[in-house]
Amino acid sequence: METKSRDGLNKSSEDKINTYIKSINASIGLQEKKEIVSKKIRSNELFQSGGENPIDELSGVCIDGIHYYDFKNIHFINNTGMAGLIDLLKCLLQKGEKIQFVNVNEKVKNKIKSMGLENILNCS
Amino acid sequence: MLKQFYFDKFEDRKPYSAIPDNKYRSLLFQFTGIVTIGLGIAYLNWRWRFSLNPAALWFSIPLVLAETLSFFSTVMVVINFWSNKDAEKTPPVHYLSEIEDLQGMPDRPIKIDVFIASYNEDVELVRLSIIDAKNLNYPFPDVEIKIYVLDDGRRDGRDPAKENMKKVAEEEQVNYLIREHNQGYKAGNLKNAMEKTNGDLFAILDADTRAFPDFLVHTTGYFKKQKVAWVQTPQWFYDITDAEKLSSIINSKLKLTNKKLIRLSDFLFGKIEVNEDIFGNEPRLFYDVILRKRNFHNAAFCCGAGSIHRREAVMSLAVKGFVEEIKKLEFDLIKKKSDQLKIHPDSFGDLKNSFLLHQELIPFKFHASEDIYTSMMMHADKWESVHHPDVECKMLSTQDVDSWIKQHQRYAEGSLDIAFKDNPLFIKGLTWRQKLCYFNTIWSYFAPLWILVFLFCPIVFFFSLTLPVKAYSFDFFKYFLPFQIMNTITITLGCWGISTKRGDQYYISSFWFMLMALYSIARGKKVKFNVTPKDRNFSKSTEHILPHVIIIGLSLLGVAYNVVLLMIGHHPAASGFAANAFWCIFNIISLSVIIRAAYWKPVETNY
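Note that the protein sequences, when read in sequence, are chains A and B. In terms of the working numbering, the first sequence opens at residue 10 and continues consecutively. In terms of the working numbering, the second sequence opens at residue 695 and continues consecutively.
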């Protein structure tokens, strides 16, 4: 019963996440390695509980319920991309998981700060 | 075979051309505007200080107060109309780098989405809009233009009682988006669409908005200016009622069949034409004057259909709005923490997460007047807007009084709700000129307060035989006439080339509905988003015109009573009667338009 309900939640969350990922791709699609980033985010197995799944060494990883996303290839992010990140954050929170963006360059950090998101999106 | 509609016969109508700009006319307008304000101040100064009737202050003061409030409108109109500054037209956009700073990133052709928002409209009507959207031209074949039907009516075939919108979208090979609820009305529908699409620019069309082929060609170029958030084009109603021959109406109402009588009627009344734009729907004054002149103040707001938007701008507002709401909730929480018992740090984190979860990213304000509200916030966020002067799409107007009232009450309630909740005068980020322009829009919905006084003044005089001024003396006319004449000249110059007759009549005759809207908002009633019906409904119109009938009846009764008094030589103020009778005739003519509209039916009902 529990599995069924979780599957139900996962399915709708998955649809939503895919939409958000599309939106992130659209907005950060300007950067050179768009395809790779897209693959990385998808390969993070967002919809399965952390620990049980292989951790993707390239992309964001999930350790102890915290999803780490590598931003080293993200050189630019616009408002639409920012909205995508917020939605991603919300989707993970819904699952009781946290999110951390790593290797965020100064330009992206400044953008996050200028939008007032520095206390919402955890960057390092 | 496409379905037949009442508006099929208007398909060949051509839109108006925007009034050519003329700097000398603008200068003359500015001159007469200043003189009008000066004369108005002099008149009101005289009215407040020297003209009040001390024996009837209960009557004098409401009138002079109404005149003063009305004068504020004049001042704001002069500011709004001050100058014309159309944005420079530029060729359409090809690459993203033309509209956005890519900061060294690779370029690509832009992507454009066309949203057709629908709720319960006839699917065959929507099909016409889809067909026209599919015919949109764009000079660059590598620019991706995607059309989406945003169906908020969940007409995807699940309910056999409903028409199947999804099927029509599939037949026309366009995208179809629905959601499982109607949260946020149209704004929510757009939000849902924005989450599922990725166009750099997106056009908003209503179910009945038929874009002309060059809609995108003529509008995307404005976005080369990177601060431009949206471009609004005029909403042109191509189904506005034609003028009808009075003789045809008489022949039809009396069901004349006798050829001699018909000929006589044609001879007597054949040259008189009435009922042109009987519902006062012609929006040209609004789009070609009011909104267009707001380009000068960077305060032209979005009106929904017929507009095109920069996704980045809308998302910027959404993200900032999200952050502000979270901060507000956190602030409240911290306040609560210090005020009340201690909250465990873990609980604080959980609460913060709960805020994040429950707060939504809202690109367009969830509001009955989402267009103006979102525009105001975008302007406050330093984005710019463009009102494109040329008509680029056609739409349907309301075709009966019920629908007209529903639509205008929604506009009024929406705008008044903004006035009470987020008054533009106090919004940070807006320039004072933008504040005044937005406030002007809202202020116009307070007009029933003074219109009511103007409508009742002659009646009060007729039955009380009391003058609201000391006397209709030379002094009165010395101050009143120059102000009124200059005011008329100023408005004529400001609205050059556009008839304001029907607009003026509806300004007065809509007093009751606007008053009801004001009352409703003052009581704190939630504003409903009523979808404007796109078909004709000739029933139930009578109940709306009762206040108009009562005022006209009282006015006529008052005139008759005063005529009798004059005839028997017992009238104490003949000059007062003349002035009030003239005033009363003006009121009756203005009020009667909505009564005629309520009973209007096309002479030829061949659809």
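It is worth saying that the hints were derived from the structure and are not from the lab. Among the clues, some could well be false.
Where chain B lies over chain A, by a calculated footprint (3+ residues, C-beta under 8 Å) [what the hints assert, rightly or not]:
#1 74-80
#2 91-103
#3 122-128
Some residues of chain A that are not near chain B, with every Cβ distance over 10 Å (derived) [claimed, not checked]:
#4 V111
#5 N112
#6 E115
Note that CB positions come from ideal geometry on N, CA and C, so glycine has one too.
Results of checking the hints against the structure:
Beta-carbon proximity to chain B at under 8 Å applies to 0 residues in the segment 74-80 of chain A; the threshold of 3 is not reached and the given coverage is violated. With 8 residues carrying a beta carbon less than 8 Å from a beta carbon of chain B, the segment 91-103 of chain A meets the three-residue requirement, and the given coverage holds. Taking a C-beta to C-beta cut-off of 8 Å, the segment 122-128 of chain A contributes 3 residues in contact with chain B, enough for the three needed, and the coverage statement holds. With 10 Å as the threshold on Cβ separation, the claim that V111 of chain A sits away from chain B holds: the shortest Cβ distance comes to roughly 20 Å.
No Cβ of chain B approaches the Cβ of N112 of chain A within 10 Å, the least distance being about 18 Å, so the stated non-interface status holds. E115 of chain A, annotated as away from the interface, keeps every beta carbon of chain B farther than 10 Å; the closest lies near 13 Å.
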